[in-house]
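Please put together the full structure from these sequences, using the hints given.
Here the protein sequences come in this chain order: E and Y. Oh and the first sequence: position 11 is 11 in the numbering used here, straight run, nothing missing. Oh and the second sequence: position 395 is 395 in the numbering used here, straight run, nothing missing.
A hint or two may mislead.
[Unchecked claim] Straight line, CA to CA, 30 Å or less: simulated BS3-like cross-link-like pairs of lysine-lysine:
| id | chain 1 | residue 1 | chain 2 | residue 2 |
| --- | --- | --- | --- | --- |
| 1 | Y | 286 | Y | 24 |
| 2 | E | 92 | Y | 189 |
| 3 | E | 92 | E | 189 |
| 4 | Y | 460 | Y | 320 |
| 5 | Y | 320 | E | 189 |
| 6 | Y | 522 | E | 399 |
| 7 | Y | 366 | E | 366 |
| 8 | E | 399 | Y | 366 |
| 9 | Y | 189 | Y | 511 |
| 10 | E | 205 | E | 286 |
| 11 | E | 522 | Y | 296 |
Hints in this document: simulated from the structure, not taken from any laboratory. Note that the structure is a prediction, hence the values are computed from the model and not measured.
2 protein chains.
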Amino acid sequence: MSSLVISIAQLDYHTGNFEYNTQKIIANIEAAKQEGVDLIVFSELCVCGYPPRDFLEFGNFIKQCNQSIQAIAAACTNITAIVGAPTVNPVKEGKDLYNSAYVLANGQIAEIIHKTLLPNYDIFDEYRYFEPNRIFKTVSVKNVTIALTVCEDLWNINDNPMYIINPMDELMQYKPDMMVNIAASPFNKQQIELRRQVMVDNVLKYHIPLFYTNHIGAQTQLIFDGGSMVLSATGDIVDTLGYFEESRKNYQFNPATKTVVPLHETNTQIPQTQERIWNALVLGIKEYFLKQGFTKAILGLSGGIDSALVLVLAVEALGKENVRAVLLPSRFSSDHSVNDAIALAINLGVPYDIISIEDTFAALEKTLAPYFNNLPFNIAEENMQSRSRGVLLMALSNKFGYILLNTSNKSELAVGYGTLYGDMCGGLSVIGDLYKSEVFDLCAYCNRNRIIIPESILTKPPSAELRPDQKDSDSLPDYEILDAILEMYIEQRLGPDEIVKNGFNSQLVQKVLRLVNTNEWKRLQAPPVLRISQKAFGPGRRMPIVAKYLSES
Amino acid sequence: MSSLVISIAQLDYHTGNFEYNTQKIIANIEAAKQEGVDLIVFSELCVCGYPPRDFLEFGNFIKQCNQSIQAIAAACTNITAIVGAPTVNPVKEGKDLYNSAYVLANGQIAEIIHKTLLPNYDIFDEYRYFEPNRIFKTVSVKNVTIALTVCEDLWNINDNPMYIINPMDELMQYKPDMMVNIAASPFNKQQIELRRQVMVDNVLKYHIPLFYTNHIGAQTQLIFDGGSMVLSATGDIVDTLGYFEESRKNYQFNPATKTVVPLHETNTQIPQTQERIWNALVLGIKEYFLKQGFTKAILGLSGGIDSALVLVLAVEALGKENVRAVLLPSRFSSDHSVNDAIALAINLGVPYDIISIEDTFAALEKTLAPYFNNLPFNIAEENMQSRSRGVLLMALSNKFGYILLNTSNKSELAVGYGTLYGDMCGGLSVIGDLYKSEVFDLCAYCNRNRIIIPESILTKPPSAELRPDQKDSDSLPDYEILDAILEMYIEQRLGPDEIVKNGFNSQLVQKVLRLVNTNEWKRLQAPPVLRISQKAFGPGRRMPIVAKYLSES
Numbered sequence: 001m002s003s004l005v006i007s008i009a010q011l012d013y014h015t016g017n018f019e020y021n022t023q024k025i026i027a028n029i030e031a032a033k034q035e036g037v038d039l040i041v042f043s044e045l046c047v048c049g050y051p052p053r054d055f056l057e058f059g060n061f062i063k064q065c066n067q068s069i070q071a072i073a074a075a076c077t078n079i080t081a082i083v084g085a086p087t088v089n090p091v092k093e094g095k096d097l098y099n100s101a102y103v104l105a106n107g108q109i110a111e112i113i114h115k116t117l118l119p120n121y122d123i124f125d126e127y128r129y130f131e132p133n134r135i136f137k138t139v140s141v142k143n144v145t146i147a148l149t150v151c152e153d154l155w156n157i158n159d160n161p162m163y164i165i166n167p168m169d170e171l172m173q174y175k176p177d178m179m180v181n182i183a184a185s186p187f188n189k190q191q192i193e194l195r196r197q198v199m200v201d202n203v204l205k206y207h208i209p210l211f212y213t214n215h216i217g218a219q220t221q222l223i224f225d226g227g228s229m230v231l232s233a234t235g236d237i238v239d240t241l242g243y244f245e246e247s248r249k250n251y252q253f254n255p256a257t258k259t260v261v262p263l264h265e266t267n268t269q270i271p272q273t274q275e276r277i278w279n280a281l282v283l284g285i286k287e288y289f290l291k292q293g294f295t296k297a298i299l300g301l302s303g304g305i306d307s308a309l310v311l312v313l314a315v316e317a318l319g320k321e322n323v324r325a326v327l328l329p330s331r332f333s334s335d336h337s338v339n340d341a342i343a344l345a346i347n348l349g350v351p352y353d354i355i356s357i358e359d360t361f362a363a364l365e366k367t368l369a370p371y372f373n374n375l376p377f378n379i380a381e382e383n384m385q386s387r388s389r390g391v392l393l394m395a396l397s398n399k400f401g402y403i404l405l406n407t408s409n410k411s412e413l414a415v416g417y418g419t420l421y422g423d424m425c426g427g428l429s430v431i432g433d434l435y436k437s438e439v440f441d442l443c444a445y446c447n448r449n450r451i452i453i454p455e456s457i458l459t460k461p462p463s464a465e466l467r468p469d470q471k472d473s474d475s476l477p478d479y480e481i482l483d484a485i486l487e488m489y490i491e492q493r494l495g496p497d498e499i500v501k502n503g504f505n506s507q508l509v510q511k512v513l514r515l516v517n518t519n520e521w522k523r524l525q526a527p528p529v530l531r532i533s534q535k536a537f538g539p540g541r542r543m544p545i546v547a548k549y550l551s552e553s
Numbered sequence: 001m002s003s004l005v006i007s008i009a010q011l012d013y014h015t016g017n018f019e020y021n022t023q024k025i026i027a028n029i030e031a032a033k034q035e036g037v038d039l040i041v042f043s044e045l046c047v048c049g050y051p052p053r054d055f056l057e058f059g060n061f062i063k064q065c066n067q068s069i070q071a072i073a074a075a076c077t078n079i080t081a082i083v084g085a086p087t088v089n090p091v092k093e094g095k096d097l098y099n100s101a102y103v104l105a106n107g108q109i110a111e112i113i114h115k116t117l118l119p120n121y122d123i124f125d126e127y128r129y130f131e132p133n134r135i136f137k138t139v140s141v142k143n144v145t146i147a148l149t150v151c152e153d154l155w156n157i158n159d160n161p162m163y164i165i166n167p168m169d170e171l172m173q174y175k176p177d178m179m180v181n182i183a184a185s186p187f188n189k190q191q192i193e194l195r196r197q198v199m200v201d202n203v204l205k206y207h208i209p210l211f212y213t214n215h216i217g218a219q220t221q222l223i224f225d226g227g228s229m230v231l232s233a234t235g236d237i238v239d240t241l242g243y244f245e246e247s248r249k250n251y252q253f254n255p256a257t258k259t260v261v262p263l264h265e266t267n268t269q270i271p272q273t274q275e276r277i278w279n280a281l282v283l284g285i286k287e288y289f290l291k292q293g294f295t296k297a298i299l300g301l302s303g304g305i306d307s308a309l310v311l312v313l314a315v316e317a318l319g320k321e322n323v324r325a326v327l328l329p330s331r332f333s334s335d336h337s338v339n340d341a342i343a344l345a346i347n348l349g350v351p352y353d354i355i356s357i358e359d360t361f362a363a364l365e366k367t368l369a370p371y372f373n374n375l376p377f378n379i380a381e382e383n384m385q386s387r388s389r390g391v392l393l394m395a396l397s398n399k400f401g402y403i404l405l406n407t408s409n410k411s412e413l414a415v416g417y418g419t420l421y422g423d424m425c426g427g428l429s430v431i432g433d434l435y436k437s438e439v440f441d442l443c444a445y446c447n448r449n450r451i452i453i454p455e456s457i458l459t460k461p462p463s464a465e466l467r468p469d470q471k472d473s474d475s476l477p478d479y480e481i482l483d484a485i486l487e488m489y490i491e492q493r494l495g496p497d498e499i500v501k502n503g504f505n506s507q508l509v510q511k512v513l514r515l516v517n518t519n520e521w522k523r524l525q526a527p528p529v530l531r532i533s534q535k536a537f538g539p540g541r542r543m544p545i546v547a548k549y550l551s552e553s
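Structure representation (structure tokens):
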């Protein structure tokens, strides 16, 4: 057996954009040919983009996948390519599709390997579309025997196995020389370490090298960080392809010794937590705009910490010339809020406007006076202010083609401390998966080299400024306590008794859990949230609305 | 073998409300005992309510399920009860739960049968939570051998089998005397016939009687119509338990002859299409309010057909004393619209207010004038009017505790012909799964005995009245054509070429499909839609947002 030059292509695809994806894949195949590559490996479902979701149920969409595969196969002369795409299940029984790895060589489809373990939890819905593989076979490239699997197929290795089968256990009977896994493994702040550990565990179990190709890019809520990697048979991470960026790197594999030699400079560093969250959010914003053909963002800048952070992230993602900040003060806005907001906009060189909501709010008050009948000022008037801001921002958005960025954080979204159709407006929720305490942490990261967000924004007590001298702490516990309870309920899914046992006041825990459960209706209408945790609000968390569970007052 | 008296309990449960569900189940068991019932059958997951969704991932929720099962079992003396609840999977491998039918007798759990076929399509997510059953066994009650299955287990019987296994095929080896199936089969306008056919097909295949217990009630978007039924071994529907209402009926089963004798008056009638849609929507509204403890609804009454229909449905569901109509005219509202709206409110005896949006709209215009710079009136100003209405309605809602009913139809939602945070506001979308042509049909049904909705509302050309002399037909094709294209794309999932082949203009088809695909972002923030079709917007239709598929202009 001669050695094999393998290229790992960690690329960004656009769901449903077959022309774009196909051209990108073919261009990389052509470039790899010039470099003498024998095998180039792309990521899971790269042909159609990931996740295709219910487009998989459209015959025309599958037809276009097949046409793309044919076009890519035609480019595969003197090279073998592995690409991910759906396959039609030829058998009547079972789901209509497989989630497959196509092996393309000699201008045609040489082999198709189907995914066995179909993730169907959190944001994953793969049993919705795909039949699991039940027939195990390896793939041969230049006499090298490859155990080829798709993403989840390598993940049934830890203490709480989610599946009753293990594809690599089945494939080992064919004595493969190496493993190849094509993946679309989304980012969360804990995922990088977890993913590395899973890959190391596989290599330590099966004692052959592993070439792991992940997707990079963002698709609405989901961010793919890349971090493709090559592991030696002894469990070392030989190289990674970087995080939050496209990359392609080549490796020489010696089947006799089962060793890997990198042909490019290697790097096995991983970004630290704040850096990775920062990069993920920037990528998430950037791609939300890019993939929809938008360029310009607008947001309401309150002088508070949440909108400050979103503004900085937006400027980094889109450029200061593409971001517009609008201050929308009311009679309850403090001078320091307005001044802080202006200072930040100036720091960033972002154009800003000050548009008072007073006239709009006054008109609403006047219009409703005959019906409100001198009833005391309450949540109705608070929401009217927030919604006046929403209407003004959306009007500017509609008039000039801005996309409104939402600035709600996860703590607020969790307890319903926000106004639907008011500050909950927006095309994209940038920090809706960061608890308030994490917002503070990320602002500190932002200011690590120089003060970008003014100190006074970071130090003043959080307030919605919807009534005189209002503070968040009037209605909510300190964020440190609130966030701890929320994390135990949302991420860990602990029950009230368990949370109390961890040292929290029973009444407070009951109140917080009740707020979370009775505000599902609000979150159902929230903008899509960039996902950076293991349990974000959005498609990965599916709660009933009219339920009555832990919702007694 | 002596004969067996079987009671079918078709009841309404409340997700997560363990006390309520448990008490209701026990009360029915006690009543059945008095009637000499041997076996009482409740529906799928009745103990926790259906669908429990991600509450199933909370340990405390499962603990409460188990406690309820214990309490119900304790009531099962001199009677056997079959109830649906999740079971913890004792094996480490696989998902943590089963979806089970508990057989309770002699004060304890006599047997647990797990669901084999886990629906994971449209609104169903059962692979998300449950491990499929792989061990097949029957249940014995007073020496009668019962093939007990859960919902989908009987559905793998038609031309396009979704699963590779058929539980009843496995169970027939034990020569059961009868089948019992516990279900939570949601309503759609075609489901009643389909469900009957599936049950008939099962009986015709297995030649034993079938006792089928379905859920009734509504859970946010999902409506359960009931329609539980008993079928003879020869394929006749012996009896049904009625649609859209709770019911419990008893039957005598003779195991020697495998025949069934109803012990109550029988009825096998099914409601016609408009009647069933009507009843489904009324139930959907009623339960959305009831299960959240709300009583009062508010809605904007435009003088158009959509809000007229929603008002009538709301009055039927909640009572006229609990519904408030608000007319929100602008400078572009026609006199006939206002007059038509008033006539309808008077017809129904519903209190109404006329609240002009002029002051609010004028304040917005004035506030934005320095920024809009005399740019021509366009979609921005149209949306400002719609959002002024939204803010005023939400203010009344917040002040007085009304729930705002949304009045968008499916055609509008499909093509994005509506204003986010404007007419798309609301806690519940009542007719968001009815195409505009279906709205007309249902209005005709509403007026079948006497004119409730004034003729002029039904006959005038649809208009949003957001600019002078605006008509829907300025921007959209005739609804007859639009709805046909939409149905082929959304329900049938045909591609553009196939739709054109069915006789539609190619450019028009491209335009409509593009509008559907580029408005996913708007629908993501729409209120929950009462589901009456096989493919409603909401949890059963999961489309990417930043995709680029059939979205070229």
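When you check the alpha-carbon spacing of residue 189 (chain Y) and residue 511 (chain Y), does it fall within 30 Å? The given pair, whose Cα atoms are some 28 Å apart, holds under the 30 Å limit.
Proposed proximity, residue 189 (chain E) with residue 92 (chain E) (alpha carbon, max 30 Å): Cα-Cα ~41 Å, so violated.
Hinted pair residue 92 (chain E) and residue 189 (chain Y), Cα distance within 30 Å: 27 Å, holds
Below or equal to 30 Å on CA atoms is what counts here, so check residue 522 (chain E) against residue 296 (chain Y). 18 Å, holds
Within 30 Å, alpha carbon to alpha carbon, are residue 460 (chain Y) and residue 320 (chain Y)? 26 Å, holds
Given hint residue 366 (chain E) paired with residue 366 (chain Y) - CA-CA distance at most 30 Å: 16 Å, holds
Between the alpha carbons of residue 522 (chain Y) and residue 399 (chain E), is the straight-line distance 30 Å or under? Cα-Cα ~17 Å, so holds.
If you draw a straight line from the CA of residue 286 (chain Y) to the CA of residue 24 (chain Y), is it 30 Å or shorter? 19 Å, holds
Holds or violated: are the alpha carbons of residue 399 (chain E) and residue 366 (chain Y) at most 30 Å from each other? 15 Å, holds
Residue 320 (chain Y) and residue 189 (chain E): Cα distance at most 30 Å? This hinted pair is violated, its Cα atoms lying about 52 Å apart.
Take the C-alpha atoms of residue 205 (chain E) and residue 286 (chain E), compute the straight-line distance between them, and say whether it is at most 30 Å. 39 Å, violated
Comparing the model with each earlier hint shows violations of hints 3, 5 and 10; every other hint is respected.
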